[in-house]
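J.: Residues per chain, in single letters:
2 protein chains.
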Amino acid sequence: MVEQVTLSLKDAHELSLSVLQSNGFNEDHARSIADVICACQLDDCHSHGLYRLLVCTNTIRAGHVNGEAGVTISEPSPASVHADAHGGYSLVAFEKARPLLVQKARQMGIAALAINNCYHFSALWPEVEKLSEAGLAAMAMVPSHAWVAPAGGSKGTMGTNPIAFSWPRIGEKPFTFDFATSVVARGEIELHRREGRPLPEGVAVDSAGNPTTDPEAALDGAMLTFGDYKGSALSIMIELLAGPLIDDLTSIESLEFDGGKGSTPYHGELIIAFDPHLLSGGRTKENNARAERLFSQIVDQGARLPSQRRYEARAKNLKRNAIEIPKALYADILKLLNHEQVT
Amino acid sequence: MVEQVTLSLKDAHELSLSVLQSNGFNEDHARSIADVICACQLDDCHSHGLYRLLVCTNTIRAGHVNGEAGVTISEPSPASVHADAHGGYSLVAFEKARPLLVQKARQMGIAALAINNCYHFSALWPEVEKLSEAGLAAMAMVPSHAWVAPAGGSKGTMGTNPIAFSWPRIGEKPFTFDFATSVVARGEIELHRREGRPLPEGVAVDSAGNPTTDPEAALDGAMLTFGDYKGSALSIMIELLAGPLIDDLTSIESLEFDGGKGSTPYHGELIIAFDPHLLSGGRTKENNARAERLFSQIVDQGARLPSQRRYEARAKNLKRNAIEIPKALYADILKLLNHEQVT
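Respectively, the protein sequence lines represent chains H and B. Residues 1 to 343, numbered by my numbering, are exactly what the first sequence covers, in order. Residues 1001 to 1343, numbered by my numbering, are exactly what the second sequence covers, in order.
Rather than coming from a laboratory, the hints here were simulated on the basis of the structure. The model shown is predicted, which means the values in this text are computed figures rather than measured ones. Just to be clear, a hint being listed does not mean it is correct.
[Unchecked claim] Now the in silico label distances, taken between C-beta atoms and shown as ranges:
hint	chain 1	residue 1	chain 2	residue 2	range
1	H	228	B	1170	28 to 34 Å
2	H	334	B	1135	51 to 57 Å
3	H	319	B	1209	44 to 50 Å
[To be verified] The following residues of chain H were derived to be distant from chain B, with all beta-carbon distances above 12 Å:
hint	residue
4	26
5	86
6	187
7	197
8	248
9	283
10	314
11	320
12	326
Note that the Cβ used here is the ideal one computed from N, Cα and C, for glycine as well.
Isolated chain H (complex conformation) (with noise of 0.2 Å):
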């Protein structure tokens, strides 16, 4: 059993902003983290949660991310927004250009967001929700470094490349997912490595190509991905949709910038809006009650929908007003705030 300690919300908000400002983040930056990375906590995601102050500050020491670029918003068409981050995290660019998104989708039916020149190490369904939230669906997807084999070979090729979709319900939290191509998520890896447990079979090979279960021969070698050839097949269209189409870096770039120091990976990112009001004619009501029907038929012969067990704990972390994390990350988290190193 790991140790935990428990913090309310309010202060791993506060300590989250605190080590992400004393390292260098301004303030907008350091609060856009710690919006998505308290809300990943919320929901007992913690692959994306408190441990990813790791990872920023780690990032913004080696002088990779900058903590306090600007973004610039333009629109190449009018179904089409583009934000450059400037080096910066995705997530203030995101932020940013979400309204004018938002606001394409409904005029348009459908629009896309190509954010451009950013760090990313953030789950991607806080994003799609807040799309859902203003009434739309969405989908999201970026590249990262080149740690996953296509199917067939045995050479790290493609990113982890999760996809995330989102779709509005009335009266209801909206239909979300998000998940990596590969079988589990890096930060899953590392997590398995720093808690020294093996992996679970058919998650990744040996830099020999040969299956492994070991954390550290996994992370020399390469991960696989997900549902095989088709899983492959996915994960080489979100390379090619968040990196090619819309003129940013692929893994295997990503991974070459990256030239060794292990920093958050550095691409682009694509976000496409839907408007189901402008799609369906205006039959919203109609359509609801078509996707209702198709959710109660999963739910009644005792299947989840993907966001199920993430709305369970966001209830219940907001009843206790308190979210939990290994003492052991709480300690390497104060260590950040006094500057200390942590590897």
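We have chain H already, so just place chain B on it with the hints.
T.: Chain B only, in chain H's frame:
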């Protein structure tokens, strides 16, 4: 060894046209169907090849599909096209709406085509491949009948819900994939039943929810999604985007609409087109090189690109100017021409 019959490409196309026209499809519909099933047969995609003449003919004989339906095209917004198929197959609607979709994608960077009220039986790759021939990237998806259980469930709820994607390559055939989010396509299970072969493990459950390799039991039970809960989530996304988003039926409703007749699914289709030129700020050549580097790294490690096997079959069949189909299928097709029943 199944005995085969060899047909020249011209003969296969003319035979398809004759079967379709003599069974109630007008020239527009017959041509669009014959084009697509011959394209699939040319690429050795047997489950979407000439075998589908049986399905199309049985569907129109059951009075389900309208073989003379016109198409109504409208433009809900500068970035969206709507094609009402009026109870015909989707293919004519796609062909009529395609020029407008291409034009809008080039002007807007991203555009959506919603096809409504269509019967659908065809592979999606010929459609996205055509869009890539116009220099666009494209994604297409459809629901089907509620044959597939969600992860953790055992009841047919989603369709086999294929998703296709295509990326234009300068001087090369597009990078294209098209796969069912079920482990196998419904057509594969039907082919196994026709040929009396057992299914692979992990493909389906029987009506009691137990794993089965018997094609008949699978057809009575539920199919499973690829990639466990991730594939299941994608399948639900496809239900929502190609159903309620565009005011059309879910797979549950399509199966109800069918009313036990065993005809082709009836629903909508969503196609999203992206212009790499506009979205990359005109840097198409540089980004093509970036994508080609990704493809090279995949192929150089001995892995295959998703479309590679199809393109090899296409080259082989074009060279000999012929396709092969099982002798029993050929006999059945000739029966259709003579207005006999084939089950």
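J.: Indicate, hint by hint, whether the structure satisfies it.
T.: Hints, verified against the model:
no.	hint	result
1	H/228 x B/1170: 28 to 34 Å	holds (29 Å)
2	H/334 x B/1135: 51 to 57 Å	holds (54 Å)
3	H/319 x B/1209: 44 to 50 Å	violated (35 Å)
4	26	holds (28 Å)
5	86	holds (16 Å)
6	187	holds (16 Å)
7	197	holds (21 Å)
8	248	violated (9 Å)
9	283	violated (5 Å)
10	314	holds (19 Å)
11	320	holds (28 Å)
12	326	holds (26 Å)
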